[in-house]
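Novice: Below are the chains, spelled out letter by letter.
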Amino acid sequence: MSTFILLQTVSKPWGRRKRLRTANRVGYLMILPALLVVFGLLLYPLLYSLLISFYDLHVRAPWKGWEFVGFGNYFDVLTDREVHHSLGRTLFLAGVGIGLGLPLSLAFAMILNQPFPLRGLVRGLLIIPWIIPGSVQGLLWSRILEPYGYGALNGLLIQFGWIEKPVPWLLEPMRALFLVAIANLWSTVPMMTLLYLAGLQGIPQELYEAAKVDGAGRWARFQFITLPFLAPVTLINLILKTIDAFALFDLVFVLTGGGPARATEVIGYHLYTRAFTRLEYGYASALAWVIAVMTTLLALFYNRLTRPERLNQ
Amino acid sequence: MSNRRFFSQPRLWRSAQRLARSLVQLVLVMFVLAFVLGPVLWLVISSVSTSKDLLQVPPRWLPFPPSLEYYQALLFGSGATQSDGTLTELTLRAFRYSLRNSFIVAVGVTLGALGLGALAGYAFARFPLRGNALLIYLLLMVQMLPAVVLIVPLFMTMSRLGLLDRLFTVVILLTAYHLPFVMWILRSYFQSIPKDLEEAAMVDGCNRLRALWYVTLPLALPGLFAAGVYAFMQSWNAFLIPLVFTSSDTMRTVTVAIAMFVGRHYTEYGLMSAAGVLASLPPMALAIFFQRYLLASLTAGATKG
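Quick note, the sequences are listed as chains A and B, same order. Under the working numbering, the first residue of the first sequence is numbered -11, with each subsequent residue one higher. Under the working numbering, the first residue of the second sequence is numbered 8, with each subsequent residue one higher.
So here's chain A without its partners, still in its complex pose (with noise of 0.2 Å):
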């Protein structure tokens, strides 16, 4: 407010209604070309996108034009058995990130936090897998899943005798899926870390020191002060994690191109090609939707729990 207050005493006093709206227009002057851009390129189509959902567009036919069709998208994209799968292939992958990622991340930003030497290169190595091109990413994992022995994993496992032959790690469809989960595991558990080292950093050292005078032992500081004190963080990463899942597309299209049989088709790959592929423009609008929700439901709980105060001022 005080750059009102000075604009008062700098202008006269009647003028101050006016100086305030100019000051005002000149505001949204300044956000007015960034408002055309978002929602010319954003908004715009999500709501373009919202009306197609409700047609089909008979794109292999253009002379039959526009059909109507309600809700009908909507109830194939429910009802559709790919997208069944393809949604429980994201959520394998969010359960893997999770149910292995955090504890994972949480035992690597411990070790990190302890002190030892070298400690900031160390930390500052973390961001390496998170700057790498997910397309790169699915090059270097496809290097190491190679199936011929001249990648990696096959190539230590025949090196210390564990495997004769070379395994074709992402032939068998379970298989496939699991793999790729840990090669989006790789990108994402050193940002969770680094997400948990934040984290710990925020926990007062001296409630530690009081358990120890009252003799907690190293798991029960770990239970009751570190573990509550990373619950906020625990709650980001999980949602993150999961909105990623519905992100995921570059790793999956470098890496198994959405096969074998379909087993690592995740719903994001899977909207790429009922679009693109099958040229269902209808289809994939109500399922762009369908998703839309899901992950707004899911930044609505995260922007809730990281930023309470800061919007309402």
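None of these hints come from the bench; they were simulated from the model. No false leads were mixed into what you were given.
Short derived list, chain A residues pointing at chain B, Cβ under 8 Å:
id	residue
1	Asn12
2	Val14
3	Val26
4	Ile115
5	Leu128
6	Ile132
7	Gly143
8	Ile231
9	Tyr260
10	Phe264
11	Ala276
12	Thr283
Covered stretches of chain A, going by a simulated chain B footprint (3 or more residues, C-beta under 8 Å):
id	stretch
13	93 to 102
14	106 to 113
Between beta-carbon pairs, the in silico distance windows are:
id	chain 1	residue 1	chain 2	residue 2	range
15	A	Leu215	B	Ala292	37 to 45 Å
16	A	Arg206	B	Arg18	21 to 29 Å
17	B	Arg271	A	Phe212	54 to 62 Å
No residue lacks a Cβ here, since even glycine has one placed at the ideal position from N, Cα and C.
Given chain A's structure and the hints, the job is docking chain B onto it.
Specialist: Structure of chain B alone, referenced to chain A:
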């Protein structure tokens, strides 16, 4: 001195304990490092192996001396030297194009998002605009949507406008997609800068834009760096939007080019790996250079959305 007496001295016992503990710590840290760096290391190793090394079972783990033939082929090669002839000159040229395109896209998006985001973020921070908070909230929510949700209507619109297969389209789409977050970071930065300085400048006769440009922006430089690094990385790593909105080999960005590469030349292990390393280098260099700011924007992403 017997062993027992050696250890019965409390100080020595304690230092032995400390040694053991730091050894355990060392092993654990090594484990974390192996998890994080192991996969990358394998990509780097493959990229500096010779084709003979790459076709051994088990692989040659430490190819020495490292060969830079794949990097050379990717950056300068004409394709003729490749032995099996599957690699045409076109593929190598397409890769070089894609590197250039990624630079154009990433720089374009960074500049666009910073320019628009700074103006809007500033206005959101300084003016009591109506619906201000709600609007930002809404934008951040939209941005949390996976890009795949928006892709169909955008594709239809762009194809009707005849804007497919152009870098410009990729740039504006990615700008729009990352603008809300950039705006958000900058807004909180501007809020942390006291208004007094720019007010003084305005009393001295600057208009608001000049005050913003000469007084506030220089102070907000860390925020601009944080947001800029974020925008550059996100747009360099973008995949789906460049994939859908470009189609010719000369318009692909490097992430998409690599995906195409893996599809077409799966057995060119070394060349693919070198391409992957090259594609990761710019964001990596940026991260090293701006590490402080990057972490700032990441934690902003975690704690503020």
